[in-house]
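Make the full structure from the sequences, and use the hints.
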Amino acid sequence: MNEKFLKPYSPEETEARIYSLWEESGFFNPDKAVEAGLISPTAEAFSIVLPPPNVTGVLHMGSALMLAVEDIYVRFERMRGKRTLWIPGTDSAAIATQARVEKDIQKAEGKSRHDLGREGLLKRIDSFVDSSKSTILSQVRGMGASVDWSRYAYTMDEKRYRAVMEAFVRLYNKGLIYRGNRIVNWDPKGQTTISDDEIVYEERDAKLYTFKYSKDFPIPISTTRPETKVGDTAVAVHPDDPRYKEFIGQEFDLTFVDVQLHIKVVGDKEVDPEFGTGALGVTPAHSHTDWEIAERHDLPKISVINEYAKMSVEGKLGGKKVIEAREEVVAWLKDEGLLEKEDSIKQNISTAERTGGIVEPLPKLQWFLNMNKEFVLDHSEIPGIASGSTTTLKKMMSTAVDSGAVTILGENFQKTYFHWIDNLRDWCISRQIWFGHRIPVWYKDDEIFVGVSAPEGKGFEQDPDVLDTWFSSALWTFSTLGWPNDTEDLRTYHPTALLETGYDILFFWVARMILMSGALMGQVPFKTVYLHGLVRDGQGRKISKSLGNNIDPLDMSAKFGTDAVRISLIMGMAQGTDSKISEDKIRGYKNFANKIWNITRFVLSQEKSGEIKTDLKDEFDAIAKEITHDLEKYQLHLGAEKIYHYIWHRFADEIIEESKGKEEYGATLYYILENSLKLLHPFMPFVTEEIWQSMEHESTRPMLMMETWPLHS
RNA sequence: GGGAGAUUAGCUCAGUUGGUAGAGCAACUCAUUUACACUGAGAAGGUCACAGGUUCAAGUCCUGUAUCUCCCACCA
Numbered sequence: 001m002n003e004k005f006l007k008p009y010s011p012e013e014t015e016a017r018i019y020s021l022w023e024e025s026g027f028f029n030p031d032k033a034v035e036a037g038l039i040s041p042t043a044e045a046f047s048i049v050l051p052p053p054n055v056t057g058v059l060h061m062g063s064a065l066m067l068a069v070e071d072i073y074v075r076f077e078r079m080r081g082k083r084t085l086w087i088p089g090t091d092s093a094a095i096a097t098q099a100r101v102e103k104d105i106q107k108a109e110g111k112s113r114h115d116l117g118r119e120g121l122l123k124r125i126d127s128f129v130d131s132s133k134s135t136i137l138s139q140v141r142g143m144g145a146s147v148d149w150s151r152y153a154y155t156m157d158e159k160r161y162r163a164v165m166e167a168f169v170r171l172y173n174k175g176l177i178y179r180g181n182r183i184v185n186w187d188p189k190g191q192t193t194i195s196d197d198e199i200v201y202e203e204r205d206a207k208l209y210t211f212k213y214s215k216d217f218p219i220p221i222s223t224t225r226p227e228t229k230v231g232d233t234a235v236a237v238h239p240d241d242p243r244y245k246e247f248i249g250q251e252f253d254l255t256f257v258d259v260q261l262h263i264k265v266v267g268d269k270e271v272d273p274e275f276g277t278g279a280l281g282v283t284p285a286h287s288h289t290d291w292e293i294a295e296r297h298d299l300p301k302i303s304v305i306n307e308y309a310k311m312s313v314e315g316k317l318g319g320k321k322v323i324e325a326r327e328e329v330v331a332w333l334k335d336e337g338l339l340e341k342e343d344s345i346k347q348n349i350s351t352a353e354r355t356g357g358i359v360e361p362l363p364k365l366q367w368f369l370n371m372n373k374e375f376v377l378d379h380s381e382i383p384g385i386a387s388g389s390t391t392t393l394k395k396m397m398s399t400a401v402d403s404g405a406v407t408i409l410g411e412n413f414q415k416t417y418f419h420w421i422d423n424l425r426d427w428c429i430s431r432q433i434w435f436g437h438r439i440p441v442w443y444k445d446d447e448i449f450v451g452v453s454a455p456e457g458k459g460f461e462q463d464p465d466v467l468d469t470w471f472s473s474a475l476w477t478f479s480t481l482g483w484p485n486d487t488e489d490l491r492t493y494h495p496t497a498l499l500e501t502g503y504d505i506l507f508f509w510v511a512r513m514i515l516m517s518g519a520l521m522g523q524v525p526f527k528t529v530y531l532h533g534l535v536r537d538g539q540g541r542k543i544s545k546s547l548g549n550n551i552d553p554l555d556m557s558a559k560f561g562t563d564a565v566r567i568s569l570i571m572g573m574a575q576g577t578d579s580k581i582s583e584d585k586i587r588g589y590k591n592f593a594n595k596i597w598n599i600t601r602f603v604l605s606q607e608k609s610g611e612i613k614t615d616l617k618d619e620f621d622a623i624a625k626e627i628t629h630d631l632e633k634y635q636l637h638l639g640a641e642k643i644y645h646y647i648w649h650r651f652a653d654e655i656i657e658e659s660k661g662k663e664e665y666g667a668t669l670y671y672i673l674e675n676s677l678k679l680l681h682p683f684m685p686f687v688t689e690e691i692w693q694s695m696e697h698e699s700t701r702p703m704l705m706m707e708t709w710p711l712h713s
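Position 231 of the first sequence, counting from 1, maps to 231 under the numbering used here, and the rest follow consecutively.
Calculated from the structure, these hints are not laboratory results.
You may find that some hints are simply not true.
[Claimed, not checked] Below, in silico cross-link-like pairs of lysine-lysine (DSSO-like), each with a Cα-Cα straight-line distance of 27 angstroms or less:
{"id": "1", "residue 1": "Lys334", "residue 2": "Lys264"}
{"id": "2", "residue 1": "Lys32", "residue 2": "Lys159"}
{"id": "3", "residue 1": "Lys527", "residue 2": "Lys32"}
{"id": "4", "residue 1": "Lys633", "residue 2": "Lys580"}
{"id": "5", "residue 1": "Lys174", "residue 2": "Lys373"}
{"id": "6", "residue 1": "Lys625", "residue 2": "Lys642"}
{"id": "7", "residue 1": "Lys82", "residue 2": "Lys527"}
{"id": "8", "residue 1": "Lys189", "residue 2": "Lys111"}
{"id": "9", "residue 1": "Lys625", "residue 2": "Lys608"}
Predicted, not measured: the structure shown is a model, and the values here were computed from it.
Dropping the structure here:
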């Protein structure tokens with residue numbers, strides 16, 4: 001027997017060595033496994049893309065859970081003989097990365113991005129990305145992820161850049177991308193537009209002021225933002241409201257603070273007569289609702305707030321921050337005796353997810369993806385949409401799931417998905433930052449050129465904006481497989497089999513992938529969506545810096561071994577629900593790794609004598625069948641529990657105890673141990689492989705990772 | 001305002017199609033040169049939030065109530 005079994009199992013002496021063994025074998029790449037004759041060339045494909053972690057980030061418990069779940073499925077399907085591909089990659093995290101680099105430069109050199117210029121800043125960002133990406137990549141390795149590194153992709157690399165340009169141009173040519181002046185969510189702090197999904201609402205105390213524009217104005221209005229009223233061009237009332245009906249159509253000229261206003265009274269059914277005074281002061285340029293009312297009634301849209309959230313009007317409010325202007329307007333209303341009421345209310349305020357800045361709705365010229373425009377889908381493999389038929393992006397996204405082509409595990413998530421689609425507005429895809437995929441549009445006087453590369457001829461200026469980072473992420477399942485080229489990889493591995501990610505990016509990413517894959521390839525991007533929950537601490541609290549309850553997966557891995565971290569993240573975690581992790585829990589599974597180690601020590605001390613006992617074999621095979629079934633049904637926490645319970649409390653506590661001093665048990669013990677290692681391998685790959693490598697086997701396969709799954713012919 | 005989910009042992013949670021309530025941790029008793037103390041054996045602990053209903057049978061299905069959580073939404 002190998003002497004190492006005389007000491008407890010040591011993850012730190014094992015893991016790096018075992019990972020090298022796997023990686024150097026080349027078998028993370030399914031093509032190599034086929035070449036070596038370990039997987040049939042005609043085997044069914046099983047492919048997953050790794051949700052690319054932030055290239056400059058570090059691994060946290062959420063990504064550790066993601067890697068664990070995905071690696072379990074990849075190893076399971078690989079052992080079941082499928083042509084299994086897991087594509088790794090990293091994401092540029094555009095806004096966050098640019099902000100980080102800008103901050104560093106500001107701190108170290110006192111320079112802003114404008115001092116460096118666009119080219120200069122991008123160079124600095126590239127070198128920062130280069131120097132920091134090794135951290136996350138080695139951490140992914142450390143978790144035991146059996147990804148095919150030869151297919152590594154980065155959202156900003158050459159191939160992905162081409163795919164993004166191509167996608168933009170194709171969607172533009174289909175008429176789905178347009179440029180329009182519309183109200184967008186402007187983040188004054190980040191100095192960029194953000195999408196609806198990047199907004200988080202915070203409940204705050206606010207004041208609802210009720211007043212009249214002037215003594216002569218007949219209708220009082222209510223607002224929480226008096227400062228915007230200098231941009232009003234109308235008052236909207238419900239068309240049937242008896243109080244105000246007579247005023248509809250009338251127009252008033254008046255002076256508000258020191259600004260001249262021309263107010264028209266309009267009737268609009270969107271107005272709720274029950275709320276406030278039942279009359280709405282319409283500020284078209286600074287409110288989504290008001291913009292729409294203005295569109296319907298052809299009202300002028302006067303911009304009174306600029307990109308820095310300061311007043312852009314003439315007079316004494318000019319240049320003031322909106323908050324200051326608000327106080328000034330309220331003071332003026334009081335002085336003039338126009339203020340009728342001041343109510344305290346709770347208000348949901350829109351803030352930017354990334355910067356925390358208060359979102360200011362502003363009209364801006366931006367690029368949009370049209371969700372409701374009909375277009376012809378030339379080639380379609382999506383059930384319910386025939387090739388060459390007319391559809392809209394919205395309908396297509398809905399059909400992809402409704403038809404069952406994509407299964408979103410968890411009924412509640414399906415409902416959420418459909419609900420989101422119902423309420424979907426056009427997607428604003430342009431961003432005013434420098435780091436990202438620059439919009440492939442060039443202007444020259446009245447000319448506009450849209451193409452994957454710059455037009456010939458002089459005098460063209462490229463659009464300064466870049467694309468929303470989710471635009472490129474949405475292409476991920478096929479941009480990583482070589483699209484827009486018609487590659488062998490695309491034919492073999494797309495649609496991918498499974499997408500596993502956190503439920504918090506169902507809309508950002510999962511839905512958008514369905515959109516892009518459908519629009520550009522006529523395929524769904526994946527067949528099954530597995531959404532995992534948040535990882536919380538032992539008390540069920542969100543892990544956060546301020547609580548100081550951060551449990552670092554790398555620390556835990558160093559302390560208890562990666563296998564222990566992986567399986568403790570899986571245990572008790574039903575799909576789609578939040579899970580808990582604590583140091584005690586991880587320690588418990590370190591003990592389990594050692595338990596198997598000692599079981600092996602005992603079994604290796606026995607002769608492989610006697611026949612395999614039928615009753616014990618049948619019992620084991622039944623367990624193996626159940627575990628297989630659990631994995632197939634995405635109940636991996638149940639499978640993990642069963643193998644754990646069987647190995648510790650059945651095999652070790654009962655079968656081994658019973659076998660002591662009885663030679664005829666030998667062959668049976670070896671049978672159970674070997675097959676238990678196979679079942680446990682996806683969950684705890686390091687310790688199982690290490691044990692496997694230390695034993696002799698009849699199998700000619702080179703390693704446990706490439707063994708066949710129990711009961712699988 | 002709309003939607004979804006949760007409520008099971010002291011704590012954290014499982015419980016697959018309805019068929020005698022489960023695990024881990026904690027606490028209790030005992031064992032101990034044992035493959036393994038990173039151990040084993042045993043005992044204790046629950047009106048499955050509450051109230052109805054369906055059923056031979058309900059933690060599980062239905063209705064309602066309470067509390068909590070999350071998501072979505074342009075009530076100014």
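Verification of the hints:
For the suggested pair lysine 334 and lysine 264, the alpha carbons sit about 24 angstroms apart, so the restraint of at most 27 angstroms is met. The suggested pairing of lysine 32 with lysine 159 holds, with an alpha-carbon distance near 23 angstroms, which does not exceed 27 angstroms. Of the supplied pair hints, the one linking lysine 527 and lysine 32 holds, its CA atoms being roughly 25 angstroms apart against a limit of 27 angstroms. Simply put, lysine 633 and lysine 580 have alpha-carbon atoms about 22 angstroms apart, close enough for the 27 angstroms limit, and the pair holds.
Between lysine 174 and lysine 373 the alpha-carbon distance is near 10 angstroms, which keeps this suggested pair within the 27 angstroms criterion. This hinted pair checks out: lysine 625 and lysine 642 have alpha carbons roughly 11 angstroms apart, not beyond 27 angstroms. Note on lysine 82 and lysine 527: the hinted pairing holds, with a Cα-Cα distance of about 16 angstroms set against a maximum of 27 angstroms. Between lysine 189 and lysine 111 the alpha-carbon distance is near 18 angstroms, which keeps this suggested pair within the 27 angstroms criterion.
Annotation: proposed proximity of lysine 625 to lysine 608 holds, straight-line Cα distance about 25 angstroms (limit 27 angstroms).
Checked against the numbered hints above, the structure breaks none of them.
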